[in-house]
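In order, the protein sequences belong to chains R and D.
Be aware that the first sequence starts at 1, since it is given in full-length UniProt numbering, and climbs by one per residue.
Be aware that the second sequence starts at 1, since it is given in full-length UniProt numbering, and climbs by one per residue.
Read the hints as simulated data drawn from the structure, not as lab findings.
None of these values were measured; they are calculated from a predicted model.
Keep in mind that the hints are not guaranteed to be accurate.
Residues of chain D clear of chain R, computed beta-carbon distances all greater than 12 Å [as the list claims (entries may be wrong)]: (1) S137; (2) V176; (3) G247; (4) A263; (5) F282; (6) D297.
Derived coverage of chain R by chain D (criterion: at least 3 residues anywhere in the stretch with Cβ under 8 Å from a Cβ of chain D; other residues may be distant) [to be verified]: (7) 10-16; (8) 31-43.
Glycine included, each C-beta is placed from N, C-alpha and C at the ideal position.
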Amino acid sequence: MIAVLGLVLGVVAGLLLRPEVPAVVEPYLPIAVVAALDAVFGGLRAMLDGIFVDKVFVVSFLSNVVVAALIVFLGDKLGVGAQLSTGVVVVLGIRIFSNAAAIRRHVFRA
Amino acid sequence: MSDNDKTLRETPDPQDGTPRTTGGRTPEVAPPRRPEAPLPERSVPTAPVGPGPLPAPVRAAPEEAGKAGAASAAPTTDGAAPAGAGADGSDGANRSAARTPDSPADEEAGEATPAGDGPHLTGRQRLAAGLWPPRFSRAQLIVALLLFVLGLGLAIQVQSTSDNSALRGARQEDLVRILDELDDRTKRLEDEKQRLEDQRTELETSSDQAEEARKQTQEKERQLGILAGTVAAQGPGITLTIGDGAGAVESDMLLDAIQELRAAGAEAIQVNGVRVVADSYFSDVGGAIEVDGKKIDAPYRFKVIGKPQDLEPALNIPGGVVQTLEKEQATATVARSEKIVVDALRPVERPDYARSSSQ
Chain R
1 MIAVLGLVLG VVAGLLLRPE VPAVVEPYLP IAVVAALDAV FGGLRAMLDG IFVDKVFVVS
61 FLSNVVVAAL IVFLGDKLGV GAQLSTGVVV VLGIRIFSNA AAIRRHVFRA
Chain D
1 MSDNDKTLRE TPDPQDGTPR TTGGRTPEVA PPRRPEAPLP ERSVPTAPVG PGPLPAPVRA
61 APEEAGKAGA ASAAPTTDGA APAGAGADGS DGANRSAART PDSPADEEAG EATPAGDGPH
121 LTGRQRLAAG LWPPRFSRAQ LIVALLLFVL GLGLAIQVQS TSDNSALRGA RQEDLVRILD
181 ELDDRTKRLE DEKQRLEDQR TELETSSDQA EEARKQTQEK ERQLGILAGT VAAQGPGITL
241 TIGDGAGAVE SDMLLDAIQE LRAAGAEAIQ VNGVRVVADS YFSDVGGAIE VDGKKIDAPY
301 RFKVIGKPQD LEPALNIPGG VVQTLEKEQA TATVARSEKI VVDALRPVER PDYARSSSQ
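Next up, chain D with everything else stripped away, as it sits in the complex (with noise of 0.2 Å):
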């Protein structure tokens, strides 16, 4: 109605021949209160509608004198604004009053020809009478249709604004700062990643070569550990028995033995449960035979991991070791197996003076 008020607003000037100053609105607040002035003053517009509405603004002018006569005692910048509504409001009346005739199902003109009937129905008691009870006329829907639309912009423009409230009221040279602030910082935290990822390859490799050399470490402790006896051994190889009914088998007799089944590849020997290795002896004592220390007894059972095909004819070629204990009496026996286990230990000997040098 804001527009409607600046084309009724702008009627009356020519009418009245004031400027629409503040100063030029002083003297229409002042013409209410002498019932002379405006009398004249507001019948020309009314007089073309006719007798009928006539009595709408004459009555509404006390009413807006009254209010102006309060505003005047208001500061001069409020009333200067209800002095104009006066002007607006009486002149309003006028061309409502005017409509009535033209649309009579119009809700709201008809709303103000009540309030032309009734002298004394204030601003208030529209209010009231506007709020209830609710009429559904064509006028209030649109209206109604009107709020709604702007209740949802409005709704939409307040949520808009708080969703990122930190950035949107700042100056164009503060979001330029962030902005460069947040550009430096990207590029520190890229290059942190970078160097993190760099430090995380490289430990991956090292422990990698780590893994690695810790598992050559442990095959080569195995195969240390089959030389030295420490660890149990199973594979291929024979079963060497040698019979003594005689008591003709002598210690160097089993120690040819071993040396044959080295020489054909023997990787792990034991007798009667007690592991060959390199420093192995056998001795006589007593017409016994002791291997390391440990009195072994016929028959002498040599369990042995190698090649059965090289094993077995490194002991039965002619002149061998079972040619030659046959010759003394004894009896000797090869079975090739496909499983053999050695199983006999040596406990694990720290050496007294020879260090690895390889450290």
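Just chain R, with the same shape it has in the complex (with noise of 0.2 Å):
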């Protein structure tokens, strides 16, 4: 619930404040979102399953960011920024997906 109540705060604040992001930043930002998303499904699916370890998802969470926006650094860095970017939210959205349909299973029992 309080976790919940977090995302909504999140959400409502970035709506509310527009907050200004670095430039340097900028780029990874997606990315980051995706990969965070991606942890956070994750997270979700392992609560349903009962085995929800908060440690695992702050480190999980923490370093999927970490390594998404590692990757597309390197990416621009060697010129494939955009096709890397691409790699790299087809992976997430496949792991998303899988972890949606287990929770789906769990929620909806289908």
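Reassemble the complex: the two chains are provided individually, in unrelated frames, and hints are given to aid placement.
Pasting the structure below:
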């Protein structure tokens, strides 16, 4: 419940405050968001499975974000930033889908 | 937790000795249906923990088995995911159960323990339990903080994307084309601006010239109007009054006076309310004097605009107008004035034959 509140608060704060993103961070933000989403879906699935461990969630969340940003950064440096970003999004999207399927089975039993 | 899943997923693989492919998972779906198969498999990791947590995975196993059974009815691709979830779930439950003694204050691990205790606690029930009542534990707060950051990033990204959505999705060549078009358009507009500015400058100059010409024309019209007697005039000058007690004054004397005044530089003259201009004439009609056909009576008052210092001596010179008049028993007085108003007007007459040749 607190976690859901945190998410809602974050969205509201982002919409209301309209903070300026530094130009350095800007290209990494979307991919980091997707990575974090993946971590969140994984965490939700683990919670439904009854195997949620907060420490693992925190570490996976942060490492997901960092690794995703790192991949994009590396891709930019190598000149394949767009392709690598697409790859990361595809991989994370597949994971999100599989996690969402598991969550769906828990919640809707179908 | 996805990394958690990953690490966990890797863990059972060596134990199971099954490759982590979709095909490899299908046997994992199968074992929970056969109660004998999964039990030894799961007892391997739980064994070091002790007998306490042992029931948790064992009871979790049928639960997952039921799900996996439902999943097997579903399409295979979807069914593969819960199969993996089943494997992860059971193993993860082992792990969280193993963590329970390590961190008793750990809320989520504590949550996992009732999950083990309550064998019929489904995912939906866990979700409901997690949502309500809210618990302010360290784990919840940390997760809330991370989700807050996620929501923040999400909102920022969504907003920055919707800001300039028209160009964001465009391909590079499209962007280049748009840029070229914009450049062309800018150039065209600059040219047009330059042209219009030139035109404006031209119009301003010409209108200035027209204005100047109009002013000059007005000035000229005024000057000519003074000469032609169509406008009133004022300025320094003199007043010449000729008294005619004996009736000796004739028109030629007045004409002499006019000639003298003109020679002395008179610019505007009127006699008893009649403007004297270039074609004015004096005549004697039955003992009276007419100017331009209008009868005037004595005393004759000449209002003259000109330089008083020139006009007065011109009249008073020996043998001049004043002396001649006095010789004829008339009186003549000259008075200087700083402001003489000549306000008698002549109508504007259009010449019958003469036309301006300047146009």
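Against the structure, the hints:
| no. | hint | verdict |
| --- | --- | --- |
| 1 | S137 | 8 Å, violated |
| 2 | V176 | 16 Å, holds |
| 3 | G247 | 107 Å, holds |
| 4 | A263 | 91 Å, holds |
| 5 | F282 | 97 Å, holds |
| 6 | D297 | 98 Å, holds |
| 7 | 10-16 | holds (count 6) |
| 8 | 31-43 | holds (count 10) |
Going through the hint list in order, the structure does not satisfy hint 1, though it satisfies all others.
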